[in-house]
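One-letter residues, chain by chain:
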Amino acid sequence: MGTILDGILLGGLYALFAAGLSLIFGVMRLVNIAHGDLIILSAYIALVVSGGLGLHPLVSLVIVVPLMASLGYALQRSILNRTLGKDILPPLLVTFGLSVFLQNALLQIFSGDSRLLHAGGLETLHVDLPAGVAVGVLPCLMFMVAVAVISGLQLLLYRTGLGRAFRSVSDDQEAAQLMGINNAHLFGLAMALSLSIVSIAGVFLGIRTNFDPSIGPTRLIFAFEAIIIGGLGDLWGTLVGGVILGVAQTLGAKINPGYQILAGHIVFLAILTFRPQGFFPKTR
Amino acid sequence: MTENVRIERSSRTSRIFAAAGLLIFVLLVTAPFYSGRSALHLLVEIFSYLALASLWNLLAGYSGLVSIGQQAFVGLGGYSLFTLTMFAGVSPILAIFLAGLIAALFAMPTAWIIFRLKGAYFAIGTWVVAEVYRLTFAQVSILGGGSGSSLPTQVIQSIAPTRAIRDNLIYWTGLFLIVAVLATIYLILRSRWGLALAAIRDSEPAAESVGVDNYRAKFLVYLLTAGATGCVGALISLQELRISPDAAFSVNDWTAFIIFIVVIGGIGRMEGPLLGTIIFFLLREFFADWGPWYLMLLGLFAIVMMLAIPKGIAGLLADRFDIQIFPLRRRVRLEEPK
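Just so you know, the protein sequences line up as chains A and B, in that order. For this note's numbering, add 190 to where a residue sits in the first sequence, where the first one is 1. For this note's numbering, add 62 to where a residue sits in the second sequence, where the first one is 1.
Rather than coming from a laboratory, the hints here were simulated on the basis of the structure. Keep in mind that this is a model prediction, so the values were computed, not measured. No residue lacks a Cβ here, since even glycine has one placed at the ideal position from N, Cα and C. Among the hints, a few may not be true.
Just a sample of chain A residues kept apart from chain B, beta carbon distances all over 12 Å, derived [as the list claims (entries may be wrong)]:
| id | residue |
| --- | --- |
| 1 | THR273 |
| 2 | LEU292 |
| 3 | GLY302 |
| 4 | ASP318 |
| 5 | VAL325 |
Partial chain A-side listing against chain B, Cβ under 10 Å, derived [said to hold, decoys possible]:
| id | residue |
| --- | --- |
| 6 | VAL255 |
| 7 | ARG272 |
| 8 | LEU282 |
| 9 | VAL284 |
| 10 | LEU410 |
| 11 | ILE456 |
Whole structure, please, built from the sequences with the hints as guidance.
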């Protein structure tokens with residue numbers, strides 16, 4: 191019972207990993223292979239910022255989010271926009287190169303030692319529920335933030351002018367441009383938004399577990415699995431996908447710690463086999 | 063006025079390269095008689111990378127199947143070789159080829175599941191599958207679990223009684239593999255199947271509309287590359303005499319470097335992997351001591367290349383100077399009236 195609850199809450203973190211990836215795929219059909227490494231990069235930035243200024247990691251987000259957002263905008267305008275087009279190879283290979291670059295840059299700067307963001311006791315705080323189940327405050331907070339981020343994205347996409355622009359570009363890039371939308375700028379904004387969510391995910395990851403420069407690709411895979419399980423293009427579906435993945439992993443780990451990640455992958459492949467469109471398909 | 067039109071594939075340069083290729087082949091076959099142990103070792107490594115890069119190019123460059131999970135089959139090949147030789151008493155050289163067969167067998171259910179994903183999502187899907195294999199082999203304690211195992215001495219001695227003969231045998235097997243891989247790819251690309259694959263890469267609906275069975279063509283090419291990749295993986299593990307899940311299923315060694323080779327050399331051209339492999343080994347020779355800096359450099363180099371010269375060096379040579387090593391394109395020539 192406690193295990194399943196842990197898994198559900200862990201799903202919130204995976205939804206945070208996935209939301210940014212899903213957003214940019216929705217807006218510009220870009221799959222960012224470096225997504226996981228960017229999550230780790232923001233954890234390291236938070237480490238430097240909170241260490242240097244003596245801030246709580248969650249407070250350091252005030253600096254990390256704008257920093258990553260600017261990086262996202264610059265990255266999109268300077269490099270990624272030039273890879274977009276009908277051919278899927280250039281964006282895939284360029285972000286793959288970026289992933290290798292980021293991992294090794296972090297390795298060079300911070301070494302391969304594992305790090306942790308210290309959140310002043312928040313990580314061990316828990317609430318006792320009836321029936322002897324204890325639930326951590328941090329996982330609850332992560333889950334609530336995930337719900338808030340997804341609600342915010344939904345509001346932005348369906349209630350604002352910017353959201354309408356995102357959706358129109360997603361439907362038809364050329365028509366959107368004819369209507370006076372500056373696609374290059376809009377893609378920059380989408381990437382900035384994606385990396386803002388990435389920084390929130392990165393800080394929570396850093397508080398929850400040890401991290402080192404090599405663990406980014408696995409986070410990309412978790413994000414991707416959450417998206418596919420939930421069904422492409424549906425953000426609430428992505429949250430459900432994250433929860434399914436989280437529960438599968440915690441149950442797997444309960445049987446044998448070596449099975450944690452494997453169990454998640456196997457549930458993902460099973461869903462891909464029997465329900466390839468995911469649970470809440472939206473696009474196509 | 064009627065003119066005689068001739069379709070030709072080979073050109074003067076390609077005939078010159080064919081002659082040079084033959085000379086290089088003779089030099090390589092006789093290499094064990096005049097070169098040292100470490101040179102042979104390096105050559106087998108070069109053959110392995112060239113084979114893996116050519117196979118990846120066939121998948122991504124010619125068939126539109128961008129996989130970042132080919133390490134699945136490198137690892138499966140290696141582990142198959144270890145299993146066959148350690149527990150079934152199969153001779154190691156024979157096991158290399160059986161390992162390829164096993165890898166192709168595993169590729170069938172793999173393809174069946176991940177072919178549901180398209181484009182970039184297919185790429186990440188292949189990666190997940192490779193991770194599943196890596197994590198699974200880390201749980202198999204009879205093969206050493208997460209820390210892996212070494213090939214027992216009696217297995218090594220069963221290749222040949224002396225070390226010199228063993229090295230030569232492994233070398234010749236490697237040479238045979240690379241020649242077989244290149245010849246197979248060349249023949250496929252010149253066949254109807256190759257045309258079908260290029261059509262699929264350029265436009266799936268258009269290929270379907272002219273009668274190509276897209277699914278079948280892709281499925282077969284995926285199986286074939288998986289099998290050949292498995293053979294190469296087995297060869298690598300035999301050369302190393304050691305296997306571990308992290309090394310055998312390494313995304314860096316067997317996919318990142320391979321992508322780098324193909325992107326630099328020229329994707330979608332048979333010459334690409336050849337040129338890319340040469341550049342890769344030269345860079346490695348000079349900069350591998352730089353550690354992370356070297357890999358950062360590789361990553362940046364690949365990004366710049368993809369943005370500035372997306373067709374790679376082979377594409378540049380073909381466009382600028384009309385140089386083609388492997389005669390794959392058809393040209394129409396008008397014959398001079400006599």
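Hints and how they fare:
{"no.": "1", "hint": "THR273", "verdict": "violated, 7 Å"}
{"no.": "2", "hint": "LEU292", "verdict": "violated, 8 Å"}
{"no.": "3", "hint": "GLY302", "verdict": "violated, 9 Å"}
{"no.": "4", "hint": "ASP318", "verdict": "holds, 34 Å"}
{"no.": "5", "hint": "VAL325", "verdict": "holds, 28 Å"}
{"no.": "6", "hint": "VAL255", "verdict": "violated, 25 Å"}
{"no.": "7", "hint": "ARG272", "verdict": "holds, 6 Å"}
{"no.": "8", "hint": "LEU282", "verdict": "holds, 5 Å"}
{"no.": "9", "hint": "VAL284", "verdict": "holds, 5 Å"}
{"no.": "10", "hint": "LEU410", "verdict": "holds, 7 Å"}
{"no.": "11", "hint": "ILE456", "verdict": "holds, 7 Å"}
The earlier numbered hints that this structure contradicts are 1, 2, 3 and 6.
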